[in-house]
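**Student:** Protein chains in written order, with my numbering: chain A, 1 to 291; chain B, 1 to 291; chain C, 1 to 291; chain D, 1 to 291.
Derived by calculation from the structure, the hints in this document are not laboratory data.
Don't take each hint at face value.
[Claimed, not checked] Some chain D residues well away from chain B (every beta-carbon gap over 10 Å; in silico):
1) Glu65
2) Thr91
3) Leu138
4) Pro147
5) Glu239
[What the hints assert, rightly or not] Beyond 10 Å from chain C on every Cβ pair, some chain B residues (computed):
6) Leu34
7) Phe41
8) Thr44
9) Val49
10) Tyr148
11) Asn168
12) Glu172
13) Leu195
14) Thr198
15) Pro218
16) Lys265
17) Asn287
[Said to hold, decoys possible] Computed spacing ranges between beta-carbons, pair by pair:
18) A:Ser289 / D:Ser57: 29 to 37 Å
19) D:Ile28 / C:Lys194: 32 to 40 Å
20) D:Ser134 / C:Leu45: 22 to 30 Å
21) B:Arg129 / A:Ser289: 43 to 51 Å
22) D:Thr201 / A:Arg39: 19 to 27 Å
Note that the structure is predicted; figures quoted are calculated from it, not measured.
Backbone N, C-alpha and C define an ideal beta-carbon position, used for all residues, glycine too.
4 protein chains.
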Amino acid sequence: MSNRKRFINKDGSFNVVREIRGIREWHIYQWLVLMSWARFFAVTLVFYVVLNSFFASLYLINGIEYLSGAGEDGLPPFGTAFFFSVQTLTTVGYGSVSPIGLGANTIAAMGALTGLLAFALITGLLFARFSKPSASILFSNQAIVAPYKDGKGLMFRLANQRKSMLTNLHAEVTASWIGVDEQGRSKRQYTPLKLERTSLTMLPLSWTVVHPIDEESPFYDSSEQSIQAKDLEVIIILEGYDDTFANIIRTHYSYKYDEIIWNVKFNPIFHFDKEGYTVLKLNEISNYSEA
Amino acid sequence: MSNRKRFINKDGSFNVVREIRGIREWHIYQWLVLMSWARFFAVTLVFYVVLNSFFASLYLINGIEYLSGAGEDGLPPFGTAFFFSVQTLTTVGYGSVSPIGLGANTIAAMGALTGLLAFALITGLLFARFSKPSASILFSNQAIVAPYKDGKGLMFRLANQRKSMLTNLHAEVTASWIGVDEQGRSKRQYTPLKLERTSLTMLPLSWTVVHPIDEESPFYDSSEQSIQAKDLEVIIILEGYDDTFANIIRTHYSYKYDEIIWNVKFNPIFHFDKEGYTVLKLNEISNYSEA
Amino acid sequence: MSNRKRFINKDGSFNVVREIRGIREWHIYQWLVLMSWARFFAVTLVFYVVLNSFFASLYLINGIEYLSGAGEDGLPPFGTAFFFSVQTLTTVGYGSVSPIGLGANTIAAMGALTGLLAFALITGLLFARFSKPSASILFSNQAIVAPYKDGKGLMFRLANQRKSMLTNLHAEVTASWIGVDEQGRSKRQYTPLKLERTSLTMLPLSWTVVHPIDEESPFYDSSEQSIQAKDLEVIIILEGYDDTFANIIRTHYSYKYDEIIWNVKFNPIFHFDKEGYTVLKLNEISNYSEA
Amino acid sequence: MSNRKRFINKDGSFNVVREIRGIREWHIYQWLVLMSWARFFAVTLVFYVVLNSFFASLYLINGIEYLSGAGEDGLPPFGTAFFFSVQTLTTVGYGSVSPIGLGANTIAAMGALTGLLAFALITGLLFARFSKPSASILFSNQAIVAPYKDGKGLMFRLANQRKSMLTNLHAEVTASWIGVDEQGRSKRQYTPLKLERTSLTMLPLSWTVVHPIDEESPFYDSSEQSIQAKDLEVIIILEGYDDTFANIIRTHYSYKYDEIIWNVKFNPIFHFDKEGYTVLKLNEISNYSEA
Chain A
1 MSNRKRFINK DGSFNVVREI RGIREWHIYQ WLVLMSWARF FAVTLVFYVV
51 LNSFFASLYL INGIEYLSGA GEDGLPPFGT AFFFSVQTLT TVGYGSVSPI
101 GLGANTIAAM GALTGLLAFA LITGLLFARF SKPSASILFS NQAIVAPYKD
151 GKGLMFRLAN QRKSMLTNLH AEVTASWIGV DEQGRSKRQY TPLKLERTSL
201 TMLPLSWTVV HPIDEESPFY DSSEQSIQAK DLEVIIILEG YDDTFANIIR
251 THYSYKYDEI IWNVKFNPIF HFDKEGYTVL KLNEISNYSE A
Chain B
1 MSNRKRFINK DGSFNVVREI RGIREWHIYQ WLVLMSWARF FAVTLVFYVV
51 LNSFFASLYL INGIEYLSGA GEDGLPPFGT AFFFSVQTLT TVGYGSVSPI
101 GLGANTIAAM GALTGLLAFA LITGLLFARF SKPSASILFS NQAIVAPYKD
151 GKGLMFRLAN QRKSMLTNLH AEVTASWIGV DEQGRSKRQY TPLKLERTSL
201 TMLPLSWTVV HPIDEESPFY DSSEQSIQAK DLEVIIILEG YDDTFANIIR
251 THYSYKYDEI IWNVKFNPIF HFDKEGYTVL KLNEISNYSE A
Chain C
1 MSNRKRFINK DGSFNVVREI RGIREWHIYQ WLVLMSWARF FAVTLVFYVV
51 LNSFFASLYL INGIEYLSGA GEDGLPPFGT AFFFSVQTLT TVGYGSVSPI
101 GLGANTIAAM GALTGLLAFA LITGLLFARF SKPSASILFS NQAIVAPYKD
151 GKGLMFRLAN QRKSMLTNLH AEVTASWIGV DEQGRSKRQY TPLKLERTSL
201 TMLPLSWTVV HPIDEESPFY DSSEQSIQAK DLEVIIILEG YDDTFANIIR
251 THYSYKYDEI IWNVKFNPIF HFDKEGYTVL KLNEISNYSE A
Chain D
1 MSNRKRFINK DGSFNVVREI RGIREWHIYQ WLVLMSWARF FAVTLVFYVV
51 LNSFFASLYL INGIEYLSGA GEDGLPPFGT AFFFSVQTLT TVGYGSVSPI
101 GLGANTIAAM GALTGLLAFA LITGLLFARF SKPSASILFS NQAIVAPYKD
151 GKGLMFRLAN QRKSMLTNLH AEVTASWIGV DEQGRSKRQY TPLKLERTSL
201 TMLPLSWTVV HPIDEESPFY DSSEQSIQAK DLEVIIILEG YDDTFANIIR
251 THYSYKYDEI IWNVKFNPIF HFDKEGYTVL KLNEISNYSE A
């Protein structure tokens, strides 16, 4: 059981392998939005070269003599046709090369239309990627089990790493662990954890999320050893409204059993400075001391 | 009664015929967003040809002699004017043909403005179609009536066919059936079905949605025969947040009486592999065996 | 009191006159999105002419001799400069006229940048207007007071005029009337009306919204005369999710006292045709008969 | 304690200083969306000059003789290359200068692609800034403590400064004050204030938000002196749906202890004019008189 992978990766994605039925694993839009920037630019460049090569071939089939100015630009016919296609698809249209006759003009007209449509997709994707709402929530490296009221509580701390304003925050915390079903088969189970508060009107400073460990909590009567045996993982889903994106942002995080520290408490991370401002020390968010 | 059509088609649309009042059946935007891709490109192409023909006619009315370079491109006057309009509307502007005098320049100025506005609509629509949030939820082919706790439950299973992350899922299930109103007229009625749980924090694996058949359920005291007589259809509305679209996606599905299998149970569809990963077998989502 | 204007106009806007403080009555974006199409195109055209005239003046100040090709296009200097500016701002760039020297090139470089930015706003606005989510809900012309269960109910009927799918509908109904405050001054008051149901999972057919008239209702012990004396108006806010816009749409409607018919009932507006399809007769949505 | 800064600035931002960990203080998109317009245009202009200078350098390295038309435009080589780059990146492409040979054509092809992508970002940002949903809520300059029912209430007044329609308003009000924790350290605390009503279906006129001061209220047994001692600040978060932006808008506001007036009441700000219209006097929203 010790080799079970964590369920939520540190980047917030799920650790599930799917045996795929059919080919719809990704919507092409999702694939283009989620790939790395390097890959996105590589795909764009390949698409650009392929599309222009296609139109260059059409011009050659139609006859290079129907491109006026060909031969004067120091290029072989394919080169002339390729760069003429570039100038048409991007709508630069220098005019040093220009189409003659019905065939070349028709190919160019289709090229310009294709270019406008293709660049609408590429530039739309570029901007969608660039403006995609993303949270930059800093979570404490560990969750802790700390004194809380008369008993104990499972706690972790989070703060907004950016200057943007987060409002209407909402947290859901779930414990995931390997239990046993009626037939005695081991099965992953999910228990929502009750929180001291699930919502926060705004997050100017940090938020210490607290799960009070009462009799109904799966942490009641637990220990470091027992939660390891159960392969326990605490899964957090956080959402809030971000002013700058004018959108709700969501983020996931999780603590595996070995990221939960028992019987410590968090150190304070903010104070008032001499001018009366509230100062938040983000780099101390994970700091704790003996309880 | 047996020829009643299903209420929700397998693609999620409603099976209702409207006798239309006035002409507002579709908003033009909706019409352009929902049509097939083939049709969309055909409409675009026709619009492109018609718009350029219109401007070509204006140039001819103004006089072909006001387009410098006309006659040198191996085309009849309308051809020259048409492809000059193409070069203007797409803003390619090779310049091998260019306008002379106030009339031709004014037509060209209007053409360039029209082109920019028209292509803003076309490319905006193209991207809206391309980036439209869509779910790709795989539902089990049948709903089943299976043992549940001490009694029975109506169940169906669903999973995300894509790698994208779905969170905050919410399901609503309604039974639709032909009843009788006070005047004894047959009338389609809707009863919401209570669910074991209506929400799921996240959907990494599959979700078996369960409607416990208790005394209040319309399935209580029902049989395969009685639900056929009532023309029963179970309608599902599912929504959830998709990370990649940064939007809420919604999907509809339904099971007609002949898609409900009695007294069986679903087979498991996930297990842990040797490396500790959770493996989900999507192609077995409909598999069931005798209860 | 009879000359009081209705509070919600038939187009859904409010009938309130504001004495404005400062000049922020409209955000410019709102103004450009809400104006009529005719006005929008007129504003665009004026902006286009003014902007190009501005750049034409700059070229003339810099010297018409720095535009090569000037004089060959059959236009006076301002005309040449104006249409050269058009070709630059729209990025058509035929090249029959082109800039010479630092001044003209710098003006052209600023013109091209200005053009790209300006057209981004214009075309973005155009698409925002075109794709703005809008409901096309057909309300019955009158609300009625009809028999309901053992008593009476205020009812009105609505349906989607378009083929698009509306789901998760939610209605709020408020009665607005002139009452008297503690000092005896007449004052407009608002009372939410309780509804038989406020939400509908989906709207394939019509929805008859019912306010049961019980002791708590402001319609209890009312008559046609008394609601006229109170200048009563029933205000409806309806929202729902539209699949094609991938957005929530909202609409407002209201019934003034003289649009409420007493003691009638609605006629049915759908039936099953021979092929088993459900047929909805939208043009009969307002039909009623004696109760 | 008197030098503590207010927690919410009058422009709605938080008054918190962060000691930053790492460099992710701002997402670049947020930075570009939130900066002033003057700065945005300056950044755009600098980017435009730098990008074209970069491509101009490439053309010079490749050899100015590969740009046909160089020398005829009255510019030194770098000037020719710079403005040729401008014409390529903006896709104007006059053609008075045009590339010769593989090197120059390849640089131009990359320039046109870069230009299309770069301008997609710039124009997308421009439109995102321009169309960003923003509320223009006018709050009364002071909150007041006024007679309410049998006791008192904390009240403030707000109205929409624009003609746009706001619906589904929701207010949350929190009192923030300096209390003392178990260890006797002073600590900022937050108490939500109960409101007479938290939601409003629509906001055609003004809304007087009322917090009834009952035994549970932190204002119970308070005075002007005691709330100053506690550095009290009343924080308001308001959200509503704006028809024109087709989006939910949110706004923040706060009243510090010295902006709360005791024992006064608000004057009415609307009346009916002779034509029966409701008139709202926005400039009197802060007016109050002795209670």
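**Student:** All hints are to be evaluated individually against the structure, with a verdict given for each.
**Tutor:** Hints, one by one, checked against the model:
no.	hint	verdict
1	Glu65	23 Å, holds
2	Thr91	7 Å, violated
3	Leu138	32 Å, holds
4	Pro147	44 Å, holds
5	Glu239	18 Å, holds
6	Leu34	6 Å, violated
7	Phe41	19 Å, holds
8	Thr44	15 Å, holds
9	Val49	20 Å, holds
10	Tyr148	24 Å, holds
11	Asn168	14 Å, holds
12	Glu172	5 Å, violated
13	Leu195	13 Å, holds
14	Thr198	12 Å, holds
15	Pro218	16 Å, holds
16	Lys265	28 Å, holds
17	Asn287	30 Å, holds
18	A:Ser289 / D:Ser57: 29 to 37 Å	57 Å, violated
19	D:Ile28 / C:Lys194: 32 to 40 Å	51 Å, violated
20	D:Ser134 / C:Leu45: 22 to 30 Å	28 Å, holds
21	B:Arg129 / A:Ser289: 43 to 51 Å	57 Å, violated
22	D:Thr201 / A:Arg39: 19 to 27 Å	48 Å, violated
Taken one by one, the earlier hints fail for this structure at numbers 2, 6, 12, 18, 19, 21, 22, listed in ascending order.
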